[in-house]
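Engineer: Chains as they are written, first to last, in this note's numbering: chain A, 1 to 215; chain B, 1001 to 1207.
Rather than coming from a laboratory, the hints here were simulated on the basis of the structure.
Source: prediction; values computed, not measured.
Ideal placement from N, C-alpha and C gives every residue a C-beta, glycine not left out.
Please note that the accuracy of each hint is not assured.
As the list claims (entries may be wrong) - Here are the simulated lysine-lysine pairs, PhoX-like style, with alpha carbons at most 25 Å apart:
| id | chain 1 | residue 1 | chain 2 | residue 2 |
| --- | --- | --- | --- | --- |
| 1 | A | K213 | A | K37 |
| 2 | B | K1205 | A | K213 |
| 3 | A | K213 | B | K1058 |
What the hints assert, rightly or not - Chain A is nowhere near these chain B residues, computed Cβ spacing over 10 Å in every case:
| id | residue |
| --- | --- |
| 4 | S1038 |
| 5 | A1040 |
| 6 | T1089 |
What the hints assert, rightly or not - Quick look at which bits of chain B chain A covers, simulated, 3 or more residues with Cβ under 8 Å:
| id | stretch |
| --- | --- |
| 7 | 1099 to 1112 |
| 8 | 1145 to 1157 |
| 9 | 1173 to 1181 |
| 10 | 1192 to 1204 |
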Amino acid sequence: MIIGGPALTKYNDRSLKDLTTAPASAPSSPGALVHIKTLTASSSSTLSFVNGASSVVLDNTYPIYRFEFINMHPANDTQEFQFNMSADSGSNYNVTKTTTYFRTYHNEADSSATLLYRTGNDLAQSTNFQMLADGVGNGNDECCSGTLHLFNPSDTTFTKYFTSRISAYENNNGIRDNYCAGYGNTTSAVDAIQFKFGSGNIDAGTIKLYGIKDA
Amino acid sequence: MAIKVAVNRALTAITALPTAAALTDGNLTLLTTATASSSATLDFTSNINSTYDSYVFKFIDMHPATNDVTFGFQADTGTNTSYNQTLTTTFFQARHAEAGTSSSLAYTTNRDHAQGSGFQTLIYDVGNGNDENCSGELHLFQPSSATFVKHFMSRASNYGQANEAADCFAAGYFNTTTALTRVRFKMSSGNTDAGTIKMYGVGPKQS
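Extracted from the complex, chain B is given alone in its bound form:
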């Protein structure tokens, strides 16, 4: 039998980590990637539980099939598919046209919810020109809580259909003490032609 000599630099020389799940603790852990391809909805129906106490969704280059639409999200409980949880939210935005003719910072009353159950706008006026899209981030806090409401915060940047930049801020809470287990993203009309949404667990595993 050939003698294998242990190299005592083997561990200290490691530059890439094993894939053991425990080693991803303490970081932003990628859980699921959903890639749109003429998709009516993009649904995250697993991995939203008590494993992490907050989750981040990064949506990248979301491109609608239809011009001038809203990109939004909703959540649901258990294995339900209605995506109609009660929301109270705020929404404000900054806008600036490419022509330099207008700019604004304002609360946008028709984009919020007061105990509504519709989809929450993350960004609107999304254009479907070849190079138009929106990108941003949504942070959802402890969706598994059975005690508290579920807070979320988002910020998204948009190339608007009227050739303007928009920086949109939504925040609020799902007014339920039932655990949220699934999240759906969609355009208000037509498919999501292209785009990627990545869901991460934040921080060390809780369970």
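Extracted from the complex, chain A is given alone in its bound form:
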């Protein structure tokens, strides 16, 4: 030891190699897509992402949020997979929405193939849940998968846009490619999102929430 000198600090040459999380001041991840939270259904009535709860971030940290749905499987047959927004941290999922909805359909029997706007699936200034896929089957191998993008939910000036696309194995053994888009007609910050099926539980499935960085 050197008397009066600086304390010696021993290097650990494995310290950087063994990092499993990035230092706070470094780019938190090398890509623009940042995983925030994964919720896995197990006979769940709803799956909710509430800003500030259970490590969920849904505020002005990111300008765009992406939800990824993987093999959402309803307990009941012929179900609508739905979502709604909340402006009060999940106390109420009832944001007013105006939306559009169209989809393609093709059955395994090859007797029907269509591209249609679905007037019964959209909303006009309604606080109801918005369906993202309809007719989802509950057969053992039936499910739906897709994505939803939510734009700038924390904004207090503009409406809150979303777009979604979901591929669904429907109850009559066919594919539905569902496209939904619209806006939450509120200038309040949206800080929670809830997903569910029209009736019955979400028997199985995973929803992943990502933030998309703008820089």
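Got chain A sorted already, so can you dock chain B onto it with the hints?
Structural biologist: Same frame as chain A, but now just chain B:
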């Protein structure tokens, strides 16, 4: 022995990350890049497993050797090389000619599958003019599932052989509960003269 003084700004000043695999969690992780060079097929035969629960393929400037061909894909299980899994799919597109004389939005019945086992069209009418090509993205959900069918969704943009823009949307499912382990892309006739396909794992590692 020379004394090495630790700089306590060493970690806070890091601006580039170490290459430790764990640090790529939570992102779009590039797994494989396949570059065409007069290639009959472009095959992804590894890294498709339970590590990620969804995968994205980005195909960039796919240029066929032959004019007016279809660019498509199929999948297979295990180490099989038949690429003939059962599919039920939909396909629709928007088109607009450079001449401004025609535009359309329509379902395209002869590009879908009803329990078929052929290649799924991602885009068609691809031209082989020097500057003609197609680009787009294919998203495959949980190919390793042993319980559910395997959903996919794609969108691709094309400079068509008739000098028109096409925006093509395919979606559907591989109707199997066996894990998919490999994916093949190819033109319907002739080689893929040039182009790049990148396969990414989406999100945090699952295993």
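Engineer: Check whether three or more residues of the stretch 1099 to 1112 of chain B sit with their beta carbon closer than 8 Å to a beta carbon of chain A.
Structural biologist: Satisfied; 5 residues make the cut.
Engineer: Are 3 or more residues of the stretch 1192 to 1204 of chain B near chain A, judged by a Cβ distance of less than 8 Å?
Structural biologist: With 3 residues closer than 8 Å to chain A, the stretch 1192 to 1204 of chain B meets the three-residue bar; holds.
Engineer: Count the residues of the stretch 1173 to 1181 of chain B whose Cβ falls closer than 8 Å to any Cβ of chain A, and tell me whether that reaches three.
Structural biologist: Our answer is that it holds, as 3 residues pass the Cβ test (under 8 Å) against chain A, meeting three.
Engineer: Within the assertion that chain A covers the stretch 1145 to 1157 of chain B, do at least three residues meet a Cβ-to-Cβ distance smaller than 8 Å?
Structural biologist: Per the Cβ count (7), the hint holds.
Engineer: Measuring Cβ to Cβ, find out whether S1038 (chain B) lies farther than 10 Å from everything in chain A.
Structural biologist: Non-interface label stands for S1038 (chain B): nearest chain A Cβ at 32 Å, farther than 10 Å.
Engineer: Would the hint linking K1205 (chain B) and K213 (chain A) be met if the CA-CA limit is 25 Å?
Structural biologist: 20 Å, holds
Engineer: Are all beta-carbon distances from A1040 (chain B) to chain A longer than 10 Å?
Structural biologist: A1040 (chain B) is indeed farther than 10 Å from all Cβ atoms of chain A, at 29 Å.
Engineer: Taking the closest pair, is the beta carbon of T1089 (chain B) still more than 10 Å from chain A?
Structural biologist: 6 Å, violated
Engineer: Assess, step by step, whether the Cα of K213 (chain A) is no farther than 25 Å from the Cα of K37 (chain A), and give holds or violated.
Structural biologist: 15 Å, holds
Engineer: Quickly compare the C-alpha distance for K213 (chain A) and K1058 (chain B) to 25 Å and report which way the hint goes.
Structural biologist: With Cα atoms ~20 Å apart, K213 (chain A) and K1058 (chain B) stay inside 25 Å; holds.
Consistency with the previously given hints fails for number 6 only.
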